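Add chain C to chain H, keeping to what the hints say.
Taken in order, these protein sequences are the chains called H and C. Quick note: the first sequence uses our numbering, first residue 558, plus one each step. Quick note: the second sequence uses our numbering, first residue -13, plus one each step.
Just to be clear, a hint being listed does not mean it is correct.
[What the hints assert, rightly or not] What the simulated footprint calls covered on chain H by chain C, stretch by stretch (three residues with Cβ under 8 Å from a Cβ of chain C suffice, anywhere in the stretch; the number is not a length):
{"id": "1", "region": "618 to 626"}
{"id": "2", "region": "672 to 678"}
{"id": "3", "region": "682 to 691"}
{"id": "4", "region": "786 to 798"}
[Said to hold, decoys possible] The calculated PhoX-like cross-link candidates involving lysine-lysine, where the alpha carbons are at most 25 Å apart (straight line), are:
{"id": "5", "chain 1": "H", "residue 1": "K1150", "chain 2": "C", "residue 2": "K366"}
{"id": "6", "chain 1": "H", "residue 1": "K750", "chain 2": "H", "residue 2": "K765"}
{"id": "7", "chain 1": "H", "residue 1": "K731", "chain 2": "H", "residue 2": "K581"}
{"id": "8", "chain 1": "H", "residue 1": "K562", "chain 2": "H", "residue 2": "K617"}
{"id": "9", "chain 1": "H", "residue 1": "K1149", "chain 2": "C", "residue 2": "K366"}
{"id": "10", "chain 1": "C", "residue 1": "K322", "chain 2": "H", "residue 2": "K646"}
{"id": "11", "chain 1": "C", "residue 1": "K645", "chain 2": "C", "residue 2": "K603"}
{"id": "12", "chain 1": "H", "residue 1": "K581", "chain 2": "H", "residue 2": "K562"}
{"id": "13", "chain 1": "H", "residue 1": "K735", "chain 2": "C", "residue 2": "K322"}
{"id": "14", "chain 1": "C", "residue 1": "K293", "chain 2": "H", "residue 2": "K676"}
{"id": "15", "chain 1": "H", "residue 1": "K654", "chain 2": "C", "residue 2": "K281"}
{"id": "16", "chain 1": "C", "residue 1": "K350", "chain 2": "H", "residue 2": "K1140"}
{"id": "17", "chain 1": "H", "residue 1": "K1123", "chain 2": "C", "residue 2": "K645"}
{"id": "18", "chain 1": "C", "residue 1": "K678", "chain 2": "C", "residue 2": "K411"}
{"id": "19", "chain 1": "C", "residue 1": "K281", "chain 2": "H", "residue 2": "K646"}
{"id": "20", "chain 1": "C", "residue 1": "K603", "chain 2": "C", "residue 2": "K639"}
{"id": "21", "chain 1": "C", "residue 1": "K601", "chain 2": "C", "residue 2": "K633"}
{"id": "22", "chain 1": "H", "residue 1": "K1109", "chain 2": "C", "residue 2": "K411"}
{"id": "23", "chain 1": "C", "residue 1": "K343", "chain 2": "H", "residue 2": "K1142"}
{"id": "24", "chain 1": "H", "residue 1": "K1109", "chain 2": "C", "residue 2": "K666"}
{"id": "25", "chain 1": "C", "residue 1": "K276", "chain 2": "C", "residue 2": "K266"}
{"id": "26", "chain 1": "C", "residue 1": "K400", "chain 2": "C", "residue 2": "K322"}
{"id": "27", "chain 1": "H", "residue 1": "K1149", "chain 2": "C", "residue 2": "K350"}
{"id": "28", "chain 1": "H", "residue 1": "K687", "chain 2": "H", "residue 2": "K735"}
{"id": "29", "chain 1": "C", "residue 1": "K639", "chain 2": "H", "residue 2": "K1142"}
{"id": "30", "chain 1": "C", "residue 1": "K366", "chain 2": "H", "residue 2": "K1140"}
[To be verified] Derived coverage of chain C by chain H (criterion: at least 3 residues anywhere in the stretch with Cβ under 8 Å from a Cβ of chain H; other residues may be distant):
{"id": "31", "region": "398 to 411"}
{"id": "32", "region": "679 to 689"}
Hints listed in this document are in silico derivations from the structure and should not be mistaken for laboratory results. Here the structure is a predicted model, which means the values were calculated and not measured. The C-beta atom is built at its ideal place from N, Cα and C for all residues, glycine as well.
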Amino acid sequence: MRRPKKYESGEATQYISRRAALRKLQLSLNDFRRLCILKGVYPREPKHRRRAQKGSSEIKVLYHTKDIRFLLHESIVWTLRDYKIFAKKSNRDRAIKDFRNLKRRLALFPEIKLDHIVKERYPTFIDALKDLDDCLTLLFLFSTFPSLHLIPREQSNLCRRLTIEFLHYVIASKSLRKVFISIKGYYFQAEIKGQKVTWIVPHYYPFKPQSRQEVDFKVMSIFVEFYTIMLGFTNFRLFHGLNLAYPPQFPSSVLQDSEESLKDEASFVSDRIAALNFELLRTDKVQEDEEELDIDMELLEQDGDSKRIIKMKQEAQEVSRLRTLFKGLKFFINREVPREPLVILIRSFGGKVSWDSSIFAGSTYDEADETITHQIVDRPSISTQYISRDYIQPQWVFDCVNQRQLLPTNKYFIGETLPPHLSPFVDSKRDSYIPPEEKALLDPSLIETHAQSDDDSEDEAEKEEEEAVDQELLDAQLQLAYQQETAEYKKYGGPDGVNEDEEDPEDDDEDDDEEEEEEELDEKTKRLQEEKQKMSVQSGKVHKVNKRQLHKAEVDEHRLQARMVKPRHRNLFRKLIREKQTKEKEEWLLRKKRRTHEANEKEARKTAKREARKEAAAAAAKASKLGK
Amino acid sequence: MTKKLALKRKGKDAEPTNEVVASSEASENEEEEEDLLQAVKDPGEDSTDDEGIDQEYHSDSSEELQFESDEEGNYLGRKQSSSAEEDEESSDEDDDEEEGSSDEEGEEDEEKDSKSKQADDKPSSSGAASKKAPTTELSKRDTSKPEYQDSDTSDEEDIRNTVGNIPMHWYDEYKHIGYDWDAKKIIKPPQGDQIDEFLRKIEDPDFWRTVKDPLTGQDVRLTDEDIALIKRIVSGRIPNKDHEEYEPWIEWFTSEVEKMPIKNVPDHKRSFLPSVSEKKRVSRMVHALKMGWMKTTEEVEREKQAKRGPKFYMLWETDTSREHMRRIHDPVSAPKRDLPGHAESYNPPPEYLFDAKETKEWLKLKDEPHKRKLHFMPQKFKSLREVPAYSRYLRERFLRCLDLYLCPRAKRVKLNIDAEYLIPKLPSPRDLQPFPTVESMVYRGHTDLVRSVSVEPKGEYLVSGSDDKTVKIWEIATGRCIRTIETDEVVRCVAWCPNPKLSIIAVATGNRLLLVNPKVGDKVLVKKTDDLLAEAPSQDVIESERIKTAVQWSNAEADEQEKGVRVVITHFKPIRQVTWHGRGDYLATVMPEGANRSALIHQLSKRRSQIPFSKSKGLIQFVLFHPVKPCFFVATQHNIRIYDLVKQELVKKLLTNSKWISGMSIHPKGDNLLVSTYDKKMLWFDLDLSTKPYQTMRLHRNAVRSVAFHLRYPLFASGSDDQAVIVSHGMVYNDLLQNPLIVPLKKLQTHEKRDEFGVLDVNWHPVQPWIFSTGADSTIRLYT
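Chain H extracted, bound-state conformation:
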């Protein structure tokens, strides 16, 4: 029997280094990278790196041997090799100026077909939806790109087309759930077939020339190459699920990929947004009905009221409310407001939207329309205002969607300081710090009491502190009153005041008598009480436990027990404790910052009030002087 040699079985044969893989596939590193990106092959982390690397301990990029063998059978590999051949031959033609042949060859450029890879990477449609996050984020980014050396115009065009189609689906299916304006871009989260799909639309204009070390557009372009195909197929299926025609058809006035619109970036973007404002062509003529949901609810009711089902019902109700959030509302977007996210939001929750027709294409009604309920404005003031509509800042729309209800607009009026914009993606059940605004959202009763108590305490404090100011004010008023009184007295001169003065001393005497009697009574009762006290059982004193000491003892005890952690868990335990501590520290810091901020604000408010009062006092004093 042959003795087994080292590294001939087990982990050493499971993994293959990148260099070996390149040798095996007979590809250049660039081609290999392309292949890996397209096929979704990634390096693996072995369980025992040393064993996997046949004894060497330096860190290599390791691939699974089976993956590489799988790549070996891929038809793309041949296309990649054909590219190489093509480049060689066409270069030769060019060099010898055989342009006829070159032309013929260019027509036969080997095309890569990725359809089968999409199917293979995502065997079910749900798998594809699960992986849609990165795809959408990247395509939305690329859809804003100019024509670059490594990114052909067709690619960014295709990205635009596909992302718009996807947005149309989101609008048509009303599947948008959460939105968030971050400093990086607009986060959108939609729920498609039970999968949460989150994507980011960057703030305009995201492209900036980048150095090669910072960003390699080649790599991103390969990703986009695959993702466009994937999103295309996904869109196809999604549109068919809604009985919509694919590719979607728009009125001919909007979204034509003509040369003109391609050249002019601004007009292209406006076309893109205009397209979002139109209903899509349906393959069936039946309007959407929402009865299905109700039926589901009834079925659930029969199952009984466990907590989970109640929760599910609540969730479903909220979602149904969200889907018709803006129904019946008419929005008008001013020209300084970023339109695209707002149009998506308003349209997908049933509202109507329009904008200035003289600047951008695709508006459906004019600003002067009296039926407009909300005008979205993002400037400090506006000259002509209609009484019939609310002038709100764009954050209102986002907050409404996240709250799943129409919020009062007074906090979002034009020129108002906006309340903080909170992230809807934070788990509300977490045990870490929750800002007061979020707390208020979770429990509306909290904020009111909080605000009231705040006001009360403020008032008290102000009373104490600002007595001096009040005094001044009072004095001035009193003086004024006195002057008026004297003036009146001089005028009429009545004896009523003297009579009143006489009555007073009599009353005082009576009071004194009563007091003496009371004193006598008091002495008697005191004696009685003393006797009683002697007889009675004295109430025991409450033993006061020093809470601090008790707490310290508890902590000590806990510490001692923590020392009994098993040696093999000790490091993990320490790490967990450290994490916990940093978390607590972070929380504490946030709380502290909030406190100082609030104190500062209060102070500022107080000084403002004080000054206002002082001014009032000064004015009153002046008035009194004038009166003299």
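Only chain C this time, still in chain H's reference frame:
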């Protein structure tokens, strides 16, 4: 160059067109300017040729005649001016170029002015002697006289240099500059210095258009026409301003096909036959089309249309059904990026914004971005309109791409547990009472660190040995020091005899082991002990030399007798530790320096010593008798050996896996051993179970000095250099299947720190759950 131009013009002139004639006036002016240019540009060239041509050229023109009379006046004026100039001229030839350049600059500067000026100049130009001599001269010549006459007569006043085409700097050193037609020297005009030049510049309004003629050294004033010409040349246009660039096309060769052939030869026959080569080519194309090698333009167009953009179709028939396809092995999907929190908002709550300190820290970690608590700096914008594009957005997307294809993936079980979960579930200390919880007594009196403490078997008195060379006996209940026994050397260890029928204390000071009668408690007992120790029993066994050299027994001296010392056992090396056997007859001492005689066992009743080991197995630290069995525990630096004293053999070797053992204590039942080490550990050995520790406890933060089991209660305690005494519950069950239960109960930390030492020794009260501890702060403390 001028020649060429002239020749061209000649050719043009030769053509029978009226245009040239019509523009003769202009061309004449042009000619002048050309002359001037010639003069400026190539001073050496002979001008005579030109003249001749000019003459010819002008001879044709008829309209010029009218012109002459006007020019005549000019000429006169010119003559005057030239003579005046002669007087005035002071500039040097060397300045010529400078002037020229300045001239041009001036020209450029005054380009705007010149246009307006031209209007002003024109009326005055006739009288102001702006025209140059040659033109007038030429026109004059043209009128009537033959050429030679013309040149002879009219040039009397004209200073024409006759030196020819030579470099003019040859005349630099002479007063004259050449010779005129009469072979007279042309004297250089007087040279002015720079101040003159400057003055002229100021005074003369035409200074900017004055140029020096290098041939004659005269200043020449350029006319408006000259300047216009120069401008045209500078701007790269055709110098002739009358030249029409878009003149109508004259068809010299007609494009119309004439009916009659021009040539007389008939067409060849092959021009009527189809070309063979073309036919071949066509047939090749047809074949190619048939074979599909070639495509018609329509087809190509159609294909292009088809190729534009990918085609999408229904790839997945249903949502969840999967078709069996080969996939990559064991796919691991990439984890999604974290969703944003409040801090990332464009308008976050105020507490999420960085304050100055956090900002500074964030900026400081520029090189190690992974250490930052947030990968971005939270920002607040007043309105959505002000939010700019995120500068690192592209980079972030790129990094995500790298993550997806370059980051190694593996499936890992994520431990999502609370730290509390890792703490073993132990019963609450409250359920395990009684145990000492508070300090209730402090015994003060020693002046140096107290090394050792021991309690009377009945639990009334206490003995302590200290570095101040005294042994003190205390009453436990009151804390009163009953007796102080002074010794000669540092007291390393004290041990009260566990036999309640004897009152003996073993005191190890220096080389000597003292057996002291404390004279406390029951008087009968004291008397009995005194009697017992009074005289030595008869020695019936002859001791070996090895023992004799190591140990000598003797009765105490008289002065020591008074103190209570009864027997003195003198060793050959300093004693570190002494321990009694449970019955109180045997006691063992340890001398770490004693090599193979470092452990000794003494028998009190026979006043006899023995050395159990012939060979040293290491530095012995601690020895202990088994409470029940005739076993002897010896702790060396790393290991513990258990010997059977009857069979005189090694029973077991316990591996502690520690650096240095400091002490031991055995459970009263004798099955469990507790070992303390200087490397902060305590080891619990279950002797029946294994030679390895059943449990290792790291309760202390510093070296553990001593451990002790309670005789009755399931308690043990340990004292350490971190000044803490930790009391633990150590329950041993009779059931062999049940493992001992160990629960740390209480940390008692009242000792003070002295020179890195904390608690040196701990000992339990024999009856009560009380513990005594001695510390480096020279106190003994009782915790109850």
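Hints, one by one, checked against the model:
Look at the region 618 to 626 of chain H against chain C: 5 of its residues bring a Cβ nearer than 8 Å to a Cβ of that chain, three or more, so the hint holds. Counting residues of the region 672 to 678 of chain H whose CB falls under 8 Å from any CB of chain C gives 5; the rule of at least 3 is met. A count of 7 residues in the region 682 to 691 of chain H with a Cβ less than 8 Å from any Cβ of chain C is obtained; the coverage claim is therefore met, three being the minimum. Using a Cβ-Cβ cut-off of 8 Å, 7 residues of the region 786 to 798 of chain H lie near chain C, which meets the minimum of three, so the contact claim holds.
Between K1150 of chain H and K366 of chain C the CA atoms are separated by roughly 15 Å; this keeps the pair inside 25 Å, and the hint holds. Distance hint between K750 of chain H and K765 of chain H is unfulfilled; the C-alpha atoms sit about 36 Å from each other, more than 25 Å. With a CA separation close to 49 Å, the supplied pair K731 of chain H and K581 of chain H exceeds the 25 Å bound. Under the criterion of a C-alpha separation no larger than 25 Å, the hint pairing K562 of chain H with K617 of chain H is consistent with the structure, at around 23 Å.
For the hint pairing K1149 of chain H with K366 of chain C, the CA-to-CA distance comes to about 19 Å; that is within 25 Å, so the pair holds. With a CA separation close to 44 Å, the supplied pair K322 of chain C and K646 of chain H exceeds the 25 Å bound. For the given pair, K645 of chain C sits about 16 Å from K603 of chain C by alpha-carbon distance, which is consistent with the 25 Å threshold. For the given pair, K581 of chain H sits about 23 Å from K562 of chain H by alpha-carbon distance, which is consistent with the 25 Å threshold.
For a cut-off of 25 Å, the pair hint linking K735 of chain H to K322 of chain C stands: about 17 Å separates their Cα positions. Annotation: proposed proximity of K293 of chain C to K676 of chain H holds, straight-line Cα distance about 21 Å (limit 25 Å). Under the criterion of a C-alpha separation no larger than 25 Å, the hint pairing K654 of chain H with K281 of chain C is consistent with the structure, at around 22 Å. Note on K350 of chain C and K1140 of chain H: the hinted pairing holds, with a Cα-Cα distance of about 22 Å set against a maximum of 25 Å.
A threshold of 25 Å between alpha carbons decides the hint, and for K1123 of chain H with K645 of chain C the separation of about 20 Å falls inside it, so the pair holds. With a C-alpha separation of about 23 Å, the suggested pairing of K678 of chain C with K411 of chain C holds against the 25 Å cut-off. Distance check on the hinted pair: K281 of chain C and K646 of chain H sit about 21 Å apart at the alpha-carbon level, within 25 Å; holds. For the hint linking K603 of chain C to K639 of chain C, the alpha-carbon distance of about 12 Å falls within 25 Å, and the restraint holds.
With a C-alpha separation of about 17 Å, the suggested pairing of K601 of chain C with K633 of chain C holds against the 25 Å cut-off. For the proposed pair K1109 of chain H and K411 of chain C, the alpha carbon gap of about 21 Å is at most 25 Å, so the pair holds. For the given pair, K343 of chain C sits about 15 Å from K1142 of chain H by alpha-carbon distance, which is consistent with the 25 Å threshold. Proximity of K1109 of chain H to K666 of chain C is assessed by CA-CA distance (about 24 Å); at most 25 Å being required, the pair is judged to hold.
Note on K276 of chain C and K266 of chain C: the hinted pairing holds, with a Cα-Cα distance of about 15 Å set against a maximum of 25 Å. Annotation: proposed proximity of K400 of chain C to K322 of chain C holds, straight-line Cα distance about 15 Å (limit 25 Å). Taking the CA atoms of K1149 of chain H and K350 of chain C, the gap is about 23 Å. The hint holds against a cut of 25 Å. Taking the CA atoms of K687 of chain H and K735 of chain H, the gap is about 17 Å. The hint holds against a cut of 25 Å.
Between the alpha carbons of K639 of chain C and K1142 of chain H the distance comes to roughly 50 Å, so the proposed pair goes past 25 Å and is violated. With a C-alpha separation of about 24 Å, the suggested pairing of K366 of chain C with K1140 of chain H holds against the 25 Å cut-off. Residues of the region 398 to 411 of chain C lying with their CB closer than 8 Å to a CB of chain H number 7, which satisfies the three-residue condition for coverage. Check result for the region 679 to 689 of chain C against chain H: holds, 4 residues qualifying (beta carbon to beta carbon below 8 Å, three or more required).
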